[in-house]
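Colleague: Sequence:
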Amino acid sequence: NPNLIYTATNFGNWGDVWGIYKTTDGGTHWSYVYNDVSLGWMDDNFWPDHNYTVLRMAPSDPNQLIAGSVRLLRSTNGGQSWTAAYTTAVGGGWQGNGVELMIAQDIAFDPTDANRIYVGYDDFGFWRSDDGGSSFIRLDPHQGPYGDVGYEAALSIVVDPVNGDVYLGRNNGDTVEWQEDYPNGKVWKSTDHGVQWAEITTGLPEGRPQLVMDTSSPINARVLYCASYGNGVYKSTNSGASWSGVNNGLGTAAGLAFKIAMDPNNTQTLYVGMRTIWGGTGGIYKTTDGGANWIKLTTFPEQDILCLAVDPNDSQVLYAGAVDAFGWSESGGLYQSINGGATWSLILNQPRVNAVVPIPGEPGVVFADVAPWFQFFPNQESGFYYSADGGSSWENIGDGLGHKHVVVAKLNPHNTNQIMVGTLGGGVWKMDRATLSVDSGNIRPLQFTLDPVYPNPFNPSTQINYALTQAGQVTLSIYDILGKPVRTLRSNYQSAGNYEVPWDGLSDQGESVAAGVYIVRLSVHNTQKIQRMVLLK
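Just so we're on the same page, our numbering is the position in the sequence shown counted from 1, plus 12.
No wet-lab data here; the hints were simulated from the structure. Please note that a few of the clues may not be correct.
Said to hold, decoys possible - Calculated pairs, DSSO-like style, for lysine-lysine (alpha carbon to alpha carbon, straight line, at most 27 Å):
1. K496 x K541
2. K308 x K298
3. K422 x K442
4. K198 x K298
5. K422 x K201
6. K422 x K541
7. K442 x K541
8. K422 x K198
Unchecked claim - For each label pair, taking beta carbons as the anchor points, the in silico distance ranges come out as:
9. S404 x S473: 31 to 39 Å
10. T487 x D204: 30 to 38 Å
11. S93 x G528: 44 to 52 Å
12. D492 x V513: 47 to 55 Å
13. H426 x S473: 49 to 57 Å
14. I350 x S256: 58 to 66 Å
15. D204 x P74: 41 to 49 Å
16. S93 x S404: 50 to 58 Å
17. I307 x N277: 17 to 25 Å
18. V513 x N325: 35 to 43 Å
19. S81 x T487: 42 to 50 Å
20. D492 x A126: 40 to 48 Å
21. I149 x Q475: 52 to 60 Å
22. Q485 x I78: 27 to 35 Å
For each residue, glycine too, the CB sits at the ideal point set by N, CA and C.
Use the sequences and the hints to build the structure in full.
Modeller: So, in structure tokens, the structure goes:
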């Protein structure tokens, strides 16, 4: 029927009626067929401009349409109604759920219900799953930045392991966070799994809140700690009904309290990580008396803290992700202490380690997410890393992720083989560690090496050497400094052994590339290694 035509608009002037139109008479008359979209997870007014980049009609049924913009929409009735469509599985052991867009801030599993999971987003609201992450319910009545939530960022979630009460720290999101004084932030409590909330801020000043709970405290008088950015550390001994400052020893640095971690084996011992925006005065403080007194761990670098964790298998083992400056990070990584913070070692040289997850019952097994500013900055690579030997060696297992810029990671306490991660605009993902190579309950690292290229700098060609200790699917590729693919040198299954591959400075199209910095990336299974090289002309 050549008279049946659909068209979708792209950008126009503000106030134009953007959307999808339909004609049944070859274009003589048009009707506006776009109706409210049944998104479920996103308010229609959250992204109100109906701009489309693709529109397709099924050749077998003109009533079936697919339209794409920042979201993928599907209609089965000629455009009268639309629903959001998304994939739930990508591969590599990772599974998503379609809650795309925006920044995931925190994930919490309900210890009282194996199927209940909470997810907090930056300005996307607070969510709950009742089926183990297969689907999510939005708990906020409206979404920011156009809704009326006020404190739309749900950034710190604590769930009581006995009664399932939820404690939630919120603020106005990352846009406001770039103001150094962080003027906004409060704490709420829910006793019905997030349906209704009560503000619990008596004695607690406004500021970006990070929460931890002493789960050994009395059920009717839970002890909570809050690192309130812009103010200091505050403590409640009555389940959040009132708060008081516990900042003795923090001095003028109290207002920089950004992350807080509790020793699961000794709840009187806590660590607080400091964070500026442009660096220089960060660091870590420690208390062994429930916050009454704090001392600075002076051997830790003066860097901004992004994450803190105490190894549940050994309280002397600590992990801290830190960067030279939060606002523009070029160096830093994951640091480890094996003596309670007396001394520290850099164990993962990847700036912006946002989360670290040591596995209970498996000493030496630890996961870390990496999200540097620049994907292909020399020796910096986004992804999700694991170590089976306490950080001596690492493998990137993030290839199967739909979005490798991971910002939060949590272990499922009901199933310690399952890890869930949240990304910077790419949704929430989970994986089962059983999909990795496992030997006697421990992860077995895949061993291969990528030698520094030689010569480097080079003109006109250089040699790339690597070695495989076991057979596997290998991809050897060249990228420019912006991450654009230049040349695929190898993409096949290879046996264990040593390999030498030359690169003559040509692209996949056989054209000479410009002088500059290039990245060689070796991928084996789901693990990658990179080297930088410079082509001279």
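Colleague: Each hint should be assessed against the structure and marked as holding or not.
Modeller: Consistency of the hints with the structure:
1. K496 x K541: It holds: about 17 Å lies between the C-alpha atoms, which stays within 27 Å.
2. K308 x K298: Holds. K308 to K298 sits at ~6 Å (cutoff 27 Å).
3. K422 x K442: 9 Å, holds
4. K198 x K298: 24 Å, holds
5. K422 x K201: Roughly 21 Å between the alpha carbons, so the hint for K422 and K201 holds.
6. K422 x K541: 25 Å, holds
7. K442 x K541: Distance ~23 Å between K442 and K541 Cα, so the pair holds.
8. K422 x K198: It holds: about 23 Å lies between the C-alpha atoms, which stays within 27 Å.
9. S404 x S473: 31 to 39 Å: Hint holds: Cβ distance 35 Å, inside 31 to 39 Å.
10. T487 x D204: 30 to 38 Å: 50 Å, violated
11. S93 x G528: 44 to 52 Å: Holds, at about 51 Å.
12. D492 x V513: 47 to 55 Å: The hint (47 to 55 Å, Cβ to Cβ) is violated, given that D492 and V513 are roughly 18 Å apart.
13. H426 x S473: 49 to 57 Å: Given range 49 to 57 Å: holds, Cβ gap about 54 Å.
14. I350 x S256: 58 to 66 Å: 34 Å, violated
15. D204 x P74: 41 to 49 Å: Cβ of D204 to Cβ of P74: about 47 Å, so the range 41 to 49 Å holds.
16. S93 x S404: 50 to 58 Å: Holds - the Cβ-Cβ distance for S93 and S404, about 56 Å, lies within 50 to 58 Å.
17. I307 x N277: 17 to 25 Å: Distance hint for I307, N277 holds at roughly 20 Å.
18. V513 x N325: 35 to 43 Å: Check passed, 42 Å falls within 35 to 43 Å.
19. S81 x T487: 42 to 50 Å: 32 Å, violated
20. D492 x A126: 40 to 48 Å: 46 Å, holds
21. I149 x Q475: 52 to 60 Å: Holds - the Cβ-Cβ distance for I149 and Q475, about 56 Å, lies within 52 to 60 Å.
22. Q485 x I78: 27 to 35 Å: Check passed, 32 Å falls within 27 to 35 Å.
Taken one by one, the earlier hints fail for this structure at numbers 10, 12, 14 and 19, listed in ascending order.
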